[in-house]
Amino acid sequence: MVGKPVAVNGEFPNTVAASLKNKVVCVGSSGAKAGVSCSSFSDKGMGPMDNLRPFDLGQTTPPVGPLNTVSQAFFSDDEKTLFTTVKGDPTKNNTGFLASFSVCGSVSQEGSRSSPDGTAVLFGSTIIPGSTDIFVTDASFGGAVLSVSNNLATVKGKAAIDGQKATCWATFSPATKTAFVTDVGTNKIVEMSATDASIVGQIDLSANGDPGLVDLKAAGNFIYALSPGNGTTPPAITVVDATTKKQVQHQVLDGMGASKNAQGIAVHL
Amino acid sequence: MHASLVLPLLSIAFIGSVSGRPSSCGAGASAAPKNGKAVYIISNEKENQVLALPIDASGLLSQGTCTATGGAGSIAVDANNQPAVPDALVSQSALTVAGNVSLPPPPREILLFSFLIFPSFSLRSMLDPIQHLCSQSIEPTRQNSPWSENLLRSTENSQTPLRHH
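One line per chain: the protein sequences are A and B, in this order. Under the working numbering, think of the first position of the first sequence as 1, with each following residue one higher. Under the working numbering, think of the first position of the second sequence as 1001, with each following residue one higher.
It is worth saying that the hints were derived from the structure and are not from the lab. The structure displayed is predicted, hence computed values, not measured ones. Think of the CB as a built atom: it goes at the ideal place given N, C-alpha and C, for glycine as much as any other residue. One or more hints might be untrue.
As the list claims (entries may be wrong) - If you only want the chain A side, here are some residues facing chain B, beta carbon under 8 Å, derived:
1) P63
2) A175
3) Q202
4) I203
5) K260
6) G264
Go ahead and model the full structure; you've got the sequences and the hints to work with.
Structure follows, in structure tokens:
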């Protein structure tokens, strides 16, 4: 442990982003006190978290999810913007949004919000390296590429995934320059264009017996995707070769203290 | 539902430090993407742990280590007030790596640090009655762990109740 843990200004913190360039870490919270709070970090540890940038979600702690909660905090490629995706609730005509906060040494307390046309339940996202575009999943249909200018996002392209239940997690593969997305209700990884979100291909993983996949991360030629299982099927990480589109490993996490509560995933490059 | 609200915390840990040289600018721009060194997830159990699995040269995982965060996990609920699992945190990026920090730049020889940052916070309602612990058989691999040895536990008590429902 580096330094001591610091208290988070918010309830039910569920997503974290770090900017090396700015030495800033930000945490999104989804409970009764929802929003984003940030702190500095160094090799000595973290400083105190700053004031919450609130999101008026009207949530409880723990939140009633997954709709109407914070999805992900992440920094832009140039680390000059902190983004946070927030899910709406289409059943209550409550629109989700992408929040943007400028970063100049510290993270601005005042942000902008956009609700790109046709999006509703913005979930996991990935920056597209070398661009100002971002790739987002939307649990209500599939994925989209958003173009971001002056902290406001518009849809550059989007695609619906047939038979999807909740497409919620995304990663960008440096090997294929495409995005890969997962669905907690189906055991496959869908490859989508990082230019317009059109579907490139689908990798069916049903043979390994997992019920579905959550968070995933690409590194090198590979993609590491977590299945928390369902209490009967144990949690596992499936390793897929992004270039051959084949599963190369199914590492079961039994005996490691993980269950269907497991969440992730981070890769040390 | 019997729930207790506890202080949400955020923790940071070193996951490696190696001596290296800064790479020359412009060179190797078209090099094949580099494999990762390790993947991390959080167990998000009542006794929350970070699981670290090393990545070998061919990109494959091997049995890793688990390290208690000192905090507890969290679980959202569904419309019927039942634990919303899987996807207990309804989020992406429940933990993150801030890697290869050079401190201080720009010397010829730099020390590369990587940080793992994760919530060790927490609110926890409805616990999974079966709590698994990191098995003994995993412990001997710790010497090969991608973790550095000084991060093994939090000293902070994150269990202080703030209020009860």
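Consistency of the hints with the structure:
1. For P63 of chain A, the suggested interface contact is upheld, since its CB lies about 5 Å from the closest CB of chain B, less than 8 Å.
2. Taking 8 Å as the C-beta cut-off, the interface hint given for A175 of chain A holds, the closest approach to chain B being about 5 Å.
3. Because the smallest distance between the Cβ of Q202 of chain A and any Cβ of chain B comes to about 20 Å, over 8 Å, the interface hint for this residue is violated.
4. With its C-beta approaching chain B no nearer than about 16 Å, I203 of chain A sits outside the 8 Å limit, and its interface hint is violated.
5. A distance limit of 8 Å between C-beta atoms decides the matter here; for K260 of chain A the minimum to chain B is near 5 Å, and the interface restraint holds.
6. Interface restraint check for G264 of chain A: the shortest CB-CB distance to chain B comes to about 3 Å, inside 8 Å, so the restraint holds.
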